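Asker: Each chain is listed here by its residues.
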Amino acid sequence: MPSIAKPAVLHPSAQRNELGLTLRDYEGSMSTLCAGCGHDSVTAAIVRALWELSVEPHKLAKMSGIGCSSKTPAYFVTGAHGFNSAHGRMPPIATGANAANRELLYIGVSGDGDSLSIGLGHLCHAIRRNVRMVYIIENNGVYGLTKGQFSASADVGTKSKKGEANRMAPIDPIQLGLSLGATFLARGFSGDKEQLVPILKAAVAHRGFAIIDVVSPCVTFNDHTGSTKSYLYTRQHRIRATETDYVPPATEILTEISPRGETAVTLHDGSVVRFSAVPADYNPSDRLAVAKFLQENAADGRIVTGLLYVDEATPNIHEMNNTPAKALTSVPWSKLCPGAEMLNALQEEFR
Amino acid sequence: MKPTDVQDPNYYHKVVDCQWGCPAHTNVPEYIRLIAQGRYTESYMLNRKSNVFPAILGRTCDRPCEPVCRRARVDTSPVAICRLKRVAADLKGEYGHLLPPIPARKNGKHIACVGAGPASLAVANDLMPLGYRITMFEKSAKPGGLMRSNIPAFRLPGSIIDEECGVIIDMGVDVRYNTPVPSLRGLLQEGYDAVFVGTGAPRGKNLEIPGRYDTDRIHIGIDWLESVAFGHIDSIGERVLIIGVGNTAMDCCRTSRRLGGKDIKVMARRPRDFFKASPWELEDAEEEGVDILINFAPKRFVLENGRLVGMDFERLSWDVQAKKSQTLETVFFPCDDVILAIGQENAFPWIERDLGIEFDKWDMPVLDPTTLQSSLPNVFFGGDAALGPKNIIWAVEQAHQAAISIHNFCEGIPVTDRPPNGMNLISQKMGISEWSYHNDFNPAPRQKMKHVDLVERFRELNVEVELGFSPEQTAREVQRCLNCDIETEFTPKRCIECDACIDICPTQCLTITANGDEAELRTRLSAPALNLEQAIYASAPLPQTGRIMVKDEDVCVHCGLCAERCPTAAWDMQKFEILISLAGTQEWNTALVPA
Ligand SMILES: Cc1ncc(C[n+]2csc(CCOP(=O)(O)OP(=O)(O)O)c2C)c(N)n1
Ligand code: SF4
Ligand SMILES: [Mg+2]
Numbered sequence: 000m001p002s003i004a005k006p007a008v009l010h011p012s013a014q015r016n017e018l019g020l021t022l023r024d025y026e027g028s029m030s031t032l033c034a035g036c037g038h039d040s041v042t043a044a045i046v047r048a049l050w051e052l053s054v055e056p057h058k059l060a061k062m063s064g065i066g067c068s069s070k071t072p073a074y075f076v077t078g079a080h081g082f083n084s085a086h087g088r089m090p091p092i093a094t095g096a097n098a099a100n101r102e103l104l105y106i107g108v109s110g111d112g113d114s115l116s117i118g119l120g121h122l123c124h125a126i127r128r129n130v131r132m133v134y135i136i137e138n139n140g141v142y143g144l145t146k147g148q149f150s151a152s153a154d155v156g157t158k159s160k161k162g163e164a165n166r167m168a169p170i171d172p173i174q175l176g177l178s179l180g181a182t183f184l185a186r187g188f189s190g191d192k193e194q195l196v197p198i199l200k201a202a203v204a205h206r207g208f209a210i211i212d213v214v215s216p217c218v219t220f221n222d223h224t225g226s227t228k229s230y231l232y233t234r235q236h237r238i239r240a241t242e243t244d245y246v247p248p249a250t251e252i253l254t255e256i257s258p259r260g261e262t263a264v265t266l267h268d269g270s271v272v273r274f275s276a277v278p279a280d281y282n283p284s285d286r287l288a289v290a291k292f293l294q295e296n297a298a299d300g301r302i303v304t305g306l307l308y309v310d311e312a313t314p315n316i317h318e319m320n321n322t323p324a325k326a327l328t329s330v331p332w333s334k335l336c337p338g339a340e341m342l343n344a345l346q347e348e349f350r
Numbered sequence: 000m001k002p003t004d005v006q007d008p009n010y011y012h013k014v015v016d017c018q019w020g021c022p023a024h025t026n027v028p029e030y031i032r033l034i035a036q037g038r039y040t041e042s043y044m045l046n047r048k049s050n051v052f053p054a055i056l057g058r059t060c061d062r063p064c065e066p067v068c069r070r071a072r073v074d075t076s077p078v079a080i081c082r083l084k085r086v087a088a089d090l091k092g093e094y095g096h097l098l099p100p101i102p103a104r105k106n107g108k109h110i111a112c113v114g115a116g117p118a119s120l121a122v123a124n125d126l127m128p129l130g131y132r133i134t135m136f137e138k139s140a141k142p143g144g145l146m147r148s149n150i151p152a153f154r155l156p157g158s159i160i161d162e163e164c165g166v167i168i169d170m171g172v173d174v175r176y177n178t179p180v181p182s183l184r185g186l187l188q189e190g191y192d193a194v195f196v197g198t199g200a201p202r203g204k205n206l207e208i209p210g211r212y213d214t215d216r217i218h219i220g221i222d223w224l225e226s227v228a229f230g231h232i233d234s235i236g237e238r239v240l241i242i243g244v245g246n247t248a249m250d251c252c253r254t255s256r257r258l259g260g261k262d263i264k265v266m267a268r269r270p271r272d273f274f275k276a277s278p279w280e281l282e283d284a285e286e287e288g289v290d291i292l293i294n295f296a297p298k299r300f301v302l303e304n305g306r307l308v309g310m311d312f313e314r315l316s317w318d319v320q321a322k323k324s325q326t327l328e329t330v331f332f333p334c335d336d337v338i339l340a341i342g343q344e345n346a347f348p349w350i351e352r353d354l355g356i357e358f359d360k361w362d363m364p365v366l367d368p369t370t371l372q373s374s375l376p377n378v379f380f381g382g383d384a385a386l387g388p389k390n391i392i393w394a395v396e397q398a399h400q401a402a403i404s405i406h407n408f409c410e411g412i413p414v415t416d417r418p419p420n421g422m423n424l425i426s427q428k429m430g431i432s433e434w435s436y437h438n439d440f441n442p443a444p445r446q447k448m449k450h451v452d453l454v455e456r457f458r459e460l461n462v463e464v465e466l467g468f469s470p471e472q473t474a475r476e477v478q479r480c481l482n483c484d485i486e487t488e489f490t491p492k493r494c495i496e497c498d499a500c501i502d503i504c505p506t507q508c509l510t511i512t513a514n515g516d517e518a519e520l521r522t523r524l525s526a527p528a529l530n531l532e533q534a535i536y537a538s539a540p541l542p543q544t545g546r547i548m549v550k551d552e553d554v555c556v557h558c559g560l561c562a563e564r565c566p567t568a569a570w571d572m573q574k575f576e577i578l579i580s581l582a583g584t585q586e587w588n589t590a591l592v593p594a
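Heads up: the sequence lines are chains A and B, in that order. The numbering of the first sequence is numbering that gives the first Met the number 0, which starts it at 0 and goes up by one. The numbering of the second sequence is numbering that gives the first Met the number 0, which starts it at 0 and goes up by one.
Looking at chain A on its own, in the form it has when it is part of the complex (with noise of 0.2 Å):
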């Protein structure tokens, strides 16, 4: 915990968004977790991007289970709203909002043990149901509150910092989102914010469920050699698979695109991702070759990041259940409960 709260003071040349606020202004209150934490680089990237989409902070809503990285929430956006769920039951919470308000911007913010471990079941619904939201899983390979326990994302081999070997398979919530149906995927780095800010951005863009698993070193428990999820090891075995760029709606595009034949996806909103540097033949809407690439890649050792899939077309928790086109709270109370009246007649009817 550091010893002061961070000065307000500004560098001269701090930039100022579309809202007028600085970067600074997407700030939430210190943050406790241990110095060099991989969370608190993706908290800085949560605030870069939400910063330049000038997301205005009441319109937010911030969603988390528990573990170190469901902390995070309290660390951007001071002005946003907030629920930090039991562990492993955001996703039910987070779907619960959605379906009363659908106006927020819905941020999770997760670890691979809330996730993956005791809310497995949980994130797997709200993937079928391609709840609107952003869904970020600090992914560390361990149970960090709780001092370093292997998680369910643990590599066979991964060494905990005694020396002992974890035996069982890892789950890759990328793959599991795929064989679910999810409708974007990404994976990123916590330590490349060049390439995670824009995944971020173009997520809040999707329309529906989109899974961001980072590898986020645990600095405590989890950064030792022998570790697959430390620092240098990460380092040593990520691939940029896809290299990203967001377009936000409203800029002319066309005369940007390059003659490198990169894949543009053009989302609901407008916005558009534009991939480059992708592997020869690697279409980010085709489900199977993500999932074939993805295997190859984890057999070879490679930790594959990036944009991986992105599918705009599936119809998201709203339009599956037909909800109303506004929040709940703007529809008038008569009409969210009819009264004993009409409960009776509903009742009649099943006589």
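Because the hints were derived from the structure by calculation, they are not lab data. Check each hint, because a few of them may be wrong.
Straight-line Cα separation of at most 20 Å, SDA-like style, residue types lysine to any residue; simulated pairs [said to hold, decoys possible]:
#, chain 1, residue 1, chain 2, residue 2
1, A, Lys-5, B, Thr-544
2, B, Lys-428, A, Met-0
3, A, Lys-5, B, Ala-443
4, B, Lys-492, A, Leu-9
5, A, Lys-192, B, Leu-524
6, A, Lys-192, B, His-437
7, A, Lys-5, B, His-437
8, A, Lys-192, B, Lys-428
9, B, Lys-264, B, Asn-294
What you are looking at is a predicted structure, and each value in this text was computed from that prediction instead of being measured.
Starting from the known structure of chain A, fit chain B with the ligands onto it as the hints suggest.
Answerer: Frame of chain A; chain B with the ligands shown alone:
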């Protein structure tokens, strides 16, 4: 960019903007911390080591440190460095025992100093502890030079001058008062090992326009101030015109206000942005009801029946840079007295031109600006007499340099062999997230100096106007200092590139990026480094990716958060101390704080 060499004492010295900006390189952040800890005597002594006259300078310094203060770049106004110096001086305790001992056995060398102003006294201060015998010649009855004669007592009380000059004289300097030196040849014939000329710039510039010599109501500013200081003049007419708008003009108008002047006008040729006077001196004069009129060039003095009745001025209109002017009309201003405060000149009528001291076309001695030695090897200059009128703090610094030269000269070492500066760099870590300095940022605004009220201050000529900071003001002002001497020291080989420092830095000073040349690097940092006067630090390549750590020094607030968030202690906060050599580099000079 090549990796920055932080072992070069100048690198971190430049980061301490105030100290770098001070001609005598006073260790400002350290003396402010000592004040914060209530260690006023030590703070005073630390000041004294570099600037010799802390109580005098705490009231009168031109403060070159303040415009460059990092705090001004962070939140508009600099730390009140000068006024804090006065706090240390006001609250100091006994310090006689902390002064360097004066050897009873002399080194056999005898130096003559001409003038007993700040330059000569500072030379004596540096040389007496080395065993020199010093004889000082002063034309007036008291020491202090222009500090006494030209700075009015309501800004600088005589008792303060007495004390700080006295401490040096009491080291055993043989001062001959009321003894002007009429001939340098004569002095040289007395057989001194070296002569130091610290006679100031004693001649006020004249204004040769019609009517100048037809009345005795036109005064030369510095001469008039001197007459007031020594009690020869105690009144002036009600309507006074001051010609010129430098600091002497401000002293003249405010003195006039105390001697009976009621309608006092300072007449400036140029617009306000081009004034020489320090902004705070202008403010103080205006507070006392003095009018400052711009764009008036003096044309002639107007006399009626042999009596001065006023002056004609040409009203000018200037171009933007105030380079070219046009005369609009002639305007008459009535007055009883005129004071000319348009600058000072050097005058050396007592130096024979055949002694081997070369003079240039402006009739100034030709000196080596580093050694301050003249073309006659045993004659040295310092202060306003050396390179033209500057200010007290420059006089002190030149005296330090001249003392080094004199010492070398007497020891038979080439005067160009300057003793090197050293540096200390010491970790301030006390524990996890714990530092030995107060690292928090205090958003308090600059404290305003309280003044004696407008009635009381005119009661007597020597009522000091500035009251000094109250304890509460002092407590707040010391907290505004950003501790620029506590450096962010980086060890590249420990860095794991986790970005924690970059994410925590409040002012976006840090970037990890691919190397490039400096100009290009400056454009692609976390925040573009647009202030080219401030260095950017570049590290050696980092172990994991070969990128480099770059730090823009410009607005680092030295909060230490980068070091607190660093998991590998690649960043540390280390106190930098530049060890400036003085003559003989006495041991007491290198200790950070006297024991
Ligand atoms: C119901 C319940 N079971 C167990 C715990 C103990 N617990 C707290 S955090 C945590 C794991 C967190 O791991 P992860 O989500 O990976 O977060 P990290 O700390 O690694 O970021 C566990 C098991 C709990 N708080 N609640
Ligand atoms: S224990 Fe690990 S995950 Fe938790 S804050 Fe520390 S470094 Fe981060
Ligand atoms: Mg974890």
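Asker: Hint numbers the structure violates, sorted upward?
Answerer: Those not satisfied are hints 1, 4, 6 and 8.
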